[in-house]
Amino acid sequence: MQIKKIIILVLSFFFINTFVFANFEAEEKFVSNFADNAISILGNENLDINQKNLQFTDLVMSSIDMNLISKFVLSKYWNAASQEQRDVYVKAFEEYFISSYANKLDQYSGEKIVIVSSDAAKKFVIVKSNIVRDGADTLKIELDWRLLTRDGRTKIIDLSIEGISLIVAQREEFQSYLSNNNGNLDALINKLRSINNKN
Amino acid sequence: MKSKSVLVILILSTLISACTSGVKEPPRYIPVKEEIIMKDVISDPIEPINRAIFSFNNVFDKAVVRPVSILYRGILPEFFRNRIAYSLDNLSMPITTINNILQFEFGKAGISSARFVINSTIGILGFFDPASYFGLKADYEDFGQTLAVWGVPTGPYLVLPFLGPSSPRDFTGLMSTSLLDPTYQVGNAANRDLFRAYRMGVGVINFRSENIEIFDDLQNNSVDYYAAVRSFYNQSRNSQISDNLEVSPSINQDSLFNDFEEFELDDTYIGPDVSISYPE
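From first to last, the protein sequence lines are chains A and B.
Position 61 (the first sequence) corresponds to 61 in this note's numbering; numbering is contiguous.
Position 124 (the second sequence) corresponds to 124 in this note's numbering; numbering is contiguous.
Some hints here could point you the wrong way.
[Claimed, not checked] Far from chain A by the CB rule (all over 10 Å, computed), these chain B residues: (1) 114; (2) 130; (3) 153; (4) 180; (5) 195; (6) 227; (7) 228; (8) 236.
[Said to hold, decoys possible] Quick list of in silico lysine to aspartate or glutamate cross-link-like pairs, DMTMM-like style, CA-CA up to 25 Å: (9) A:155 / A:186; (10) B:137 / A:134; (11) A:155 / A:45; (12) A:140 / B:47; (13) A:112 / A:25; (14) A:191 / B:78; (15) A:52 / A:134; (16) A:112 / B:78; (17) A:122 / B:246; (18) A:198 / B:216; (19) A:52 / B:213; (20) A:140 / B:217; (21) A:104 / B:217; (22) B:62 / B:47; (23) B:137 / A:111; (24) A:155 / A:58.
[Claimed, not checked] Part of the chain B face toward chain A, derived, beta carbon under 10 Å: (25) 213; (26) 217; (27) 222; (28) 223; (29) 230.
Since the hints were made in silico from the structure, they are not lab data.
Computed from a predicted structure; not experimentally measured.
We put the CB at the ideal spot given by N, CA and C, even for glycine.
Let the hints inform the model, and build the full structure from the sequences given.
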């Protein structure tokens with residue numbers, strides 16, 4: 001049973017006491033718009049995987065705060081990096097990020113996003129939602145969106161799947177890799193590139 | 001019998017540490033919540049040993065578990081695999097009920113025990129899940145979570161041979177389960193072990209067969225696979241325990257996001273070339 005706990009999509013269903021308050025209507029609207037757009041791309045049978053990839057990447061890149069995310073996952077190593085390293089890293093990380101979903105976009109099978117609630121978390125707004133799939137094999141996955149609004153624009157900072165934050169996991173991975181490689185950012189950049197080339 | 005007394009001592013010692021760690025309030029108002037739930041930095045003092053065991057587990061997985069899981073998924077039609085998955089879930093309900101009670105969650109104990117009764121009877125030995133149909137949703141509790149509710153801190157990260165990611169708290173919980181779980185006592189002495197081995201073995205293969213692609217993907221695309229699994233495990237456990245303690249896991253992660261302050265507010269971190277831009 002123990003081994004069951006290590007997985008991304010732990011399908012143990014929680015009892016979360018959520019109250020249905022539309023505290024942050026604009027943010028909830030933002031998430032549902034994003035989800036609608038994503039589903040209309042992923043569910044479009046006239047698009048091949050490459051077209052889906054391009055359109056989906058456009059949507060994602062215009063909706064997430066890639067600059068903040070890139071820096072956050074490097075954390076203290078960002079401060080120590082040279083300007084040149086930062087430029088190269090930002091590009092390699094973006095490619096790595098895109099390649100992480102690139103060949104999975106054709107696996108969409110009718111799941112929908114249902115907004116549950118929204119709440120303030122310091123400067124962020126967290127919109128809670130469920131991924132649901134109807135039918136004989138019912139599915140419900142908790143998906144939390146961490147949003148940041150600046151200058152009137154809302155951006156996605158993080159996704160949390162069943163309580164597992166992707167950006168936190170990514171940061172721990174990068175921090176661990178760097179601390180095991182004497183903080184050598186070039187080593188991380190090369191590692192990212194080698195993974196990008198594989199995909 | 002001897003190994004049982006070792007276990008009893010282990011459980012007692014965790015109980016005592018629970019008592020000495022300052023938990024006097026009822027479980028809902030745990031004063032040491034911050035210690036129980038995720039810290040910014042995962043404690044992993046024996047990382048080199050953990051990494052060695054992790055590598056061993058991966059070799060074992062590649063050689064045995066993954067191939068058997070692929071075979072299992074390939075040979076057995078989905079219908080039968082689902083029946084097995086449901087029956088394994090059903091067998092885990094009594095231990096969930098016990099943990100519900102130990103966590104003073106009597107309403108949930110009612111749900112999990114009703115699930116077990118309904119699915120074991122109408123659900124034909126648990127092969128089907130009519131309970132969910134009646135609105136009794138599955139929830140799983142283990143003794144590691146109960147220890148957390150009692151205020152036991154998780155302790156350092158631990159990778160167990162064959163069993164994978166754990167912590168002293170979860171490992172104690174895991175071992176206690178073999179004592180507490182009534183469905184581990186099914187059968188007489190001779191076939192009890194056989195039944196346990198079957199459950200354990202099929203449980204692992206069933207779980208692994210559902211996640212072949214996810215693990216392959218994680219392994220191939222990770223910069224540091226060990227650190228990725230460690231993070232997923234810790235976050236997943238913390239999320240379950242946040243749930244037990246009735247706090248929101250996302251909101252709980254806020255301290256982890258403090259770094260944003262410095263990146264946002266201090267303009268020196270943002271070079272002209274990486275200025276924050278918002279493409280339309």
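A quick look at each hint next to the structure:
At roughly 15 Å from the closest C-beta of chain A, the C-beta of residue 114 (chain B) stays outside 10 Å, upholding its exclusion from the interface. A cut-off of 10 Å between C-beta atoms confirms that residue 130 (chain B) is not in contact with chain A; the least separation is 13 Å. Distance check on residue 153 (chain B): its Cβ is at least 17 Å (rounded) from any Cβ of chain A, clearing the 10 Å threshold; non-interface status holds. Every C-beta of chain A lies more than 10 Å from that of residue 180 (chain B), the closest at about 12 Å, which supports listing it as non-interface.
Once the 10 Å rule is applied to beta carbons, residue 195 (chain B) is consistent with being away from chain A; the minimum gap is 15 Å. For residue 227 (chain B), the non-interface assignment is contradicted: its Cβ lies about 3 Å from the closest Cβ of chain A, within the 10 Å cut-off. A beta-carbon of chain A comes within 10 Å of the beta-carbon of residue 228 (chain B); the shortest separation is about 5 Å. Chain A draws residue 236 (chain B) into its interface by the beta-carbon criterion, the shortest separation being 5 Å against a cut-off of 10 Å.
For the suggested pair residue 155 (chain A) and residue 186 (chain A), the alpha carbons sit about 29 Å apart, so the restraint of at most 25 Å is broken. At roughly 16 Å between alpha-carbon atoms, residue 137 (chain B) and residue 134 (chain A) fall within 25 Å of each other, so this suggested pair holds. Taking the CA atoms of residue 155 (chain A) and residue 45 (chain A), the gap is about 28 Å. The hint is violated against a cut of 25 Å. Under the criterion of a C-alpha separation no larger than 25 Å, the hint pairing residue 140 (chain A) with residue 47 (chain B) is inconsistent with the structure, at around 35 Å.
At roughly 19 Å between alpha-carbon atoms, residue 112 (chain A) and residue 25 (chain A) fall within 25 Å of each other, so this suggested pair holds. Using a Cα cut-off of 25 Å, the hinted pair residue 191 (chain A) and residue 78 (chain B) is violated, with the two alpha carbons roughly 38 Å apart. A distance of roughly 24 Å separates the Cα atoms of residue 52 (chain A) and residue 134 (chain A); the hinted pair therefore holds under the 25 Å criterion. For a cut-off of 25 Å, the pair hint linking residue 112 (chain A) to residue 78 (chain B) stands: about 23 Å separates their Cα positions.
As the CA atoms of residue 122 (chain A) and residue 246 (chain B) are separated by approximately 19 Å, the hinted pair is consistent with the 25 Å bound. Between residue 198 (chain A) and residue 216 (chain B) the alpha-carbon distance is near 14 Å, which keeps this suggested pair within the 25 Å criterion. At most 25 Å may separate the alpha-carbon atoms for a hinted pair to count; residue 52 (chain A) and residue 213 (chain B) meet this at roughly 21 Å. As the CA atoms of residue 140 (chain A) and residue 217 (chain B) are separated by approximately 22 Å, the hinted pair is consistent with the 25 Å bound.
For the hint linking residue 104 (chain A) to residue 217 (chain B), the alpha-carbon distance of about 10 Å falls within 25 Å, and the restraint holds. With a CA separation close to 22 Å, the supplied pair residue 62 (chain B) and residue 47 (chain B) stays within the 25 Å bound. For the hint pairing residue 137 (chain B) with residue 111 (chain A), the CA-to-CA distance comes to about 20 Å; that is within 25 Å, so the pair holds. A hinted pair counts as satisfied when its Cα atoms are at most 25 Å apart, and residue 155 (chain A) with residue 58 (chain A) qualifies at roughly 14 Å.
With its C-beta approaching chain A no nearer than about 9 Å, residue 213 (chain B) sits inside the 10 Å limit, and its interface hint holds. Checking residue 217 (chain B) against chain A: minimum C-beta separation of about 8 Å stays under 10 Å; hint holds. Nearest Cβ of chain A to the Cβ of residue 222 (chain B): about 6 Å, under the 10 Å cut. The hint holds. Against a cut-off of 10 Å between C-beta atoms, the interface hint on residue 223 (chain B) holds, since the closest Cβ of chain A lies about 5 Å away.
Here the hint on residue 230 (chain B) is kept, as its CB sits about 7 Å from the closest CB of chain A, short of 10 Å.
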